[in-house]
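Protein chains: 2
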Amino acid sequence: MKRGEKLDIAGAREESDIAEYGLRFDLTIPLSRFYANNISQLPMPFKSVQVGPVWRAERPQRGRYRQFIQCDIDVIGEPSINAEVDLIRTTAKCLSSVGLKDFVIRINNRKLIEALLVECGFFDRDFSGIMIALDKQDKIGIEGVRSELNGYSAEAVQRLIDFLNEGVETPQGVTSIFKGSTPAGVIALIEDLDVVMDTVRSLSQGNYEIIFDPSLIRGMGYYTGQIFEITYKEFPFSIAGGGRYDGVIGRLLGRDVAACGFSIGFERLCEVLELEKLVEASQGDRAIIFVEEDAQSSFAYGLAVQIEKDYAVVNVLRKLKNHHRQLENLYAEGYRAFYYPTETGYQQRVVEFDKV
Amino acid sequence: MKRGEKLDIAGAREESDIAEYGLRFDLTIPLSRFYANNISQLPMPFKSVQVGPVWRAERPQRGRYRQFIQCDIDVIGEPSINAEVDLIRTTAKCLSSVGLKDFVIRINNRKLIEALLVECGFFDRDFSGIMIALDKQDKIGIEGVRSELNGYSAEAVQRLIDFLNEGVETPQGVTSIFKGSTPAGVIALIEDLDVVMDTVRSLSQGNYEIIFDPSLIRGMGYYTGQIFEITYKEFPFSIAGGGRYDGVIGRLLGRDVAACGFSIGFERLCEVLELEKLVEASQGDRAIIFVEEDAQSSFAYGLAVQIEKDYAVVNVLRKLKNHHRQLENLYAEGYRAFYYPTETGYQQRVVEFDKV
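If you read the sequences in order, they're chains A and B.
Numbering (our numbering) for the first sequence: 1218 to 1573.
Numbering (our numbering) for the second sequence: 1218 to 1573.
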């Protein structure tokens, strides 16, 4: 919306009339626009970090909110798979550093999917419809995908379903679909996937996994090469996702620029960390300094400054009338050190409750 | 907006028709609503930390954005000035921990301002209009305030302007305005301000200041007691602000609950830190690992994992054709360690440029 421009509410008849003035749905498109507008001032390659809110017009449910925070990293101007390795290793390092272990990085390649679809007998114009059907596979199953594909060439659909039923687990495994010899372009894509997987595996030191997932599609239509997602145990949603989008900047700039990005869903990560109890302060790490009602508090806060290097949390609280109840509640919250005012200063008292 | 409810675009004639479906303008009102709805499950006092985006329908300018991030802390259910001390010390600790020094905390009390206005001869119904005029004092000056107050009792305005011209610098100083003896309520407010200032001063260890500022008003109408703001050197905006809002929860719950909050403006703080160069990684703290075009990168990333404990930033980059230019740019960005591939591994080369 341009500066000074007003919403034409009187002229609007439905939501789509004002929808283009709406809120951003990801950070990738705004970054591409920024890059296209400032390319001459930016280094090559350009590596960016962004954290910010984005919006979806969807029904809110667990792990899917109308507003959520994306944590994006992108490498623009690097056509080699070094960009992919860089982004995957940085995202994995970030997840490890907040305490997450045993997550699974899934990887696939949009160009590889397209080559398989061509081999099955589909046309370019069918790709986006088939991708939408394939993307639902984890919810509707392989037979569900088959019924979604009603209307396309029956033979092509059958070959695709046969391939899905094979349960291929390595990039090399996809060559089974090719009746003749595997095209050189496909072999190059398989090699790239192998190199990325081997490199990430050697960097993981066994703390996380990377697997090839031929059913991985990713919703966004703008991906053009390798795509990835990170899942964690039985959580029904991915906590990070991304891929190569070499064509997006070209649409704005007139010439294509290599680009690749990875994004962590902040709320989803928080949910996983909370449920796995990876964010709680440890017991005994928290202290309370009590003040009597209407007492001078400067002495209490002076003590707080002194002891706060010894505890993760130091809290100054007024001593309530029902002090035993107050203590029980604080104990349940993990407080173990309690300081009481005396005539000459403060004294620590040890409080013990039976384990709840 | 209720679930499933649609914007009535067709029925809307101006922006205010849909404005009530708009975006939150602060975190205080939503917190108060949350507290009122969940009071029975929440501890007493309830201390909260919130970080999130808020919106203003204002013309964007430096330090004033349409969307910005607030970092709020609040204490609900603590009527004593311990809440104020707690919030001020925590906010100051937070600013100190990101490297800011010599900021100034300004403090005043809305009840004290009201008592002064009554003594001058104004009525309760005049308060909000007069506060708006006083709030502009730093922009329009004392004589500007006088002309804004055209229409109120000339004698009352003159007494107020005389008071402003006095340039009172201590809470005790305001007693000069009272013709008879100072009311007991005012003396109590002055004592509270003195205690808070003394306590904060003793905690500051000389790293920041707290001063009484009788011209401090704070925009929000909901403040009922002590109010505070933090400014930094010549920056034309405050980087934090807050105060006591004992009446807000009462409007939702039917009975008043003591509440006090302090909020840091995230973007403003970032701007200060950037301009003061408090966020730059130190020179020599950054390393580059070069890879040759199309080279296997797993070895480079393995090295990155090995050396990243020694540097703040380790970056793997393709060696560009114009390598001298690339090195100059990286040097200017603060990189001092450069690793080059050899036949058997990697070798660090020291690169020196003349100081730019």
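Where hints are given, some of them may not hold.
No distinction is drawn between identical chains; accordingly, a pair holds when it is met within one copy or between any pair of copies.
[Claimed, not checked] In silico DSS-like pairs for lysine-lysine, Cα to Cα no more than 30 angstroms straight-line:
no., residue 1, residue 2
1, Lys1328, Lys1536
2, Lys1310, Lys1494
3, Lys1526, Lys1536
4, Lys1538, Lys1264
5, Lys1310, Lys1526
6, Lys1396, Lys1526
7, Lys1536, Lys1356
8, Lys1310, Lys1328
9, Lys1536, Lys1450
10, Lys1526, Lys1318
11, Lys1538, Lys1494
Quick caveat, the hints were computed from the structure, so don't treat them as lab data.
Here is what the structure says about each hint:
| no. | hint | in the structure |
| --- | --- | --- |
| 1 | Lys1328 with Lys1536 | between (66 angstroms within a copy, 27 angstroms between copies) |
| 2 | Lys1310 with Lys1494 | both (19 angstroms within a copy, 27 angstroms between copies) |
| 3 | Lys1526 with Lys1536 | within (23 angstroms within a copy, 46 angstroms between copies) |
| 4 | Lys1538 with Lys1264 | between (57 angstroms within a copy, 19 angstroms between copies) |
| 5 | Lys1310 with Lys1526 | both (28 angstroms within a copy, 13 angstroms between copies) |
| 6 | Lys1396 with Lys1526 | neither (68 angstroms within a copy, 50 angstroms between copies) |
| 7 | Lys1536 with Lys1356 | neither (54 angstroms within a copy, 45 angstroms between copies) |
| 8 | Lys1310 with Lys1328 | within (27 angstroms within a copy, 52 angstroms between copies) |
| 9 | Lys1536 with Lys1450 | neither (44 angstroms within a copy, 39 angstroms between copies) |
| 10 | Lys1526 with Lys1318 | both (29 angstroms within a copy, 20 angstroms between copies) |
| 11 | Lys1538 with Lys1494 | neither (33 angstroms within a copy, 49 angstroms between copies) |
The structure fails to meet hints 6, 7, 9 and 11 from the earlier list, while all remaining hints are met.
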